[in-house]
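Construct the complete structure from the given sequences, taking the supplied hints into account.
Numbering (my numbering), first residue to last: 13 to 293.
Don't read these hints as lab results, they were simulated from the structure. Careful: at least some of the hints might be erroneous.
[To be verified] Using C-beta positions, here's what the derived DEER-type ranges look like:
1. TYR196 - LYS275: 35 to 45 Å
2. ASN122 - GLY229: 17 to 27 Å
3. GLN204 - GLN272: 40 to 50 Å
4. GLY278 - TYR196: 22 to 32 Å
5. PRO268 - GLN203: 38 to 48 Å
6. ASP157 - GLY110: 38 to 48 Å
7. ALA280 - GLU132: 22 to 32 Å
8. LYS275 - TRP160: 36 to 46 Å
[Said to hold, decoys possible] Within a straight-line C-alpha distance of at most 35 Å, the following computed DSBU-like cross-link-like pairs (lysine-lysine) qualify:
9. LYS161 - LYS275
10. LYS112 - LYS161
11. LYS230 - LYS112
12. LYS212 - LYS112
13. LYS125 - LYS112
14. LYS97 - LYS85
15. LYS161 - LYS212
16. LYS97 - LYS275
17. LYS97 - LYS212
18. LYS275 - LYS230
19. LYS161 - LYS97
20. LYS112 - LYS97
Note that CB positions come from ideal geometry on N, CA and C, so glycine has one too.
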Amino acid sequence: MTFFKSSKHQRLLWSLLLLSVGAAAGFGLGIFCGAEPPVGCRESDLTPVPDESFVSPASASSVETSPEPMPEKWVCLTFDDGPSKTTPDVLSALNSAGVKATFFVVATGNNDKYLPLISEAAAAGHQIALHSASHEYSDIYQSADAYWKDIDLLKERLSPYVRADGLRYLRFPGGSTNTVSRRYGGRGLMQQLKEEVTAKGYAYVDWNVCAEDAVGGKPSAGTIFRNIVRETGEQTQCIVLMHDSATTRTTAEALPDIIQWYKDNGFAFLTVEQAVPLPTT
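What follows is the structure in C-alpha cells.
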C-alpha cells in the first residue's frame with residue numbers, strides 16, 4: 013500500500029517521514045528537529061531526506077479482515093526523556109482531557125525515583141515506548157552493538173514497571189536522520205540501525221511537529237503552544253515531539269491549550285501504536 017498521493021497531501025508526502033517498516037517500505041516522520049535535551053530541536057543534527065515509499069497507518073486494534081478506518085485528521089502527542097518531576101503534571105493534563113499519549117522513556121539512573129510513574133501511565137492507557145538508557149550520543153552511537161546494549165539495559169531497568177519485552181516501538185535519540193551519530197559510529201550507522209530495528213520487529217518513530225520545548229532559554233508555555241500550532245500548519249496527520257524531562261515544566265503548562273486547539277480543529281488523538289503499524293517480517 014502507498015500513502016496518500018492526492019494533491020491534498022503533496023505537502024505531507026515531503027514533510028511526513030514517520031516510520032520505516034522495512035527496507036522497501038518506510039513511513040518515517042520528523043525531519044525537522046532533534047530530540048535530545050541539550051540542543052532541543054536543532055536542525056543541524058538532522059538530514060532531511062524525502063522517502064519515496066510509504067505505507068498507510070493502521071490501527072493497532074484493527075481486525076485483519078476488517079481494519080478500522082483511520083480518522084481523516086489525527087494527532088499523536090509524544091513525550092521524550094521522562095519520567096521526571098514534570099511527568100505527573102503531564103499525566104494530569106492528559107487524563108483530565110481524556111487523551112492518550114505515547115511516552116518514549118529513559119532510565120538513566122538519575123530518574124530512578126520517577127520510574128514508578130511508568131506503571132501509572134500504562135495503567136491509565138498511555139503507551140510506553142523505548143528511547144534510551146543513557147541518552148549519551150557518544151556511548152550509544154559508537155556502534156550498532158553499543159546501541160542494542162543500551163536498549164537492552166533500558167528494558168532491564170523498565171522491567172519492574174512494565175512488560176518491557178512487549179515494547180516494540182522506539183525513538184532514536186536525535187531522530188532517525190540525525191547526523192551527530194556520524195561523529196561516533198560513522199556515516200552508515202543510522203542506516204544499519206534502521207535496518208536492524210526493522211529486522212528485529214521494532215518500529216522506529218520520529219515526528220513532523222516539534223514543540224521546541226527542549227531548546228535553551230526554557231521557552232514559555234505560550235511559545236511552546238505557538239510552535240506547535242505553527243508547525244502543524246495544514247498537516248492533517250501529526251506526530252508531535254514534546255518532552256516531559258525535569259527542565260520542561262512549561263510543556264505541562266501548555267498542554268491543556270495544545271489539546272484544546274487540536275480538539276477545536278477536528279483532530280482525533282491516537283497513540284503511536286494506533287497510528288503506525290509494526291513491520292511485517
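Q.
Going through the numbered hints above, which ones does this structure break? Give me the numbers in ascending order.
A. Numbers 4 and 9, in rising order.
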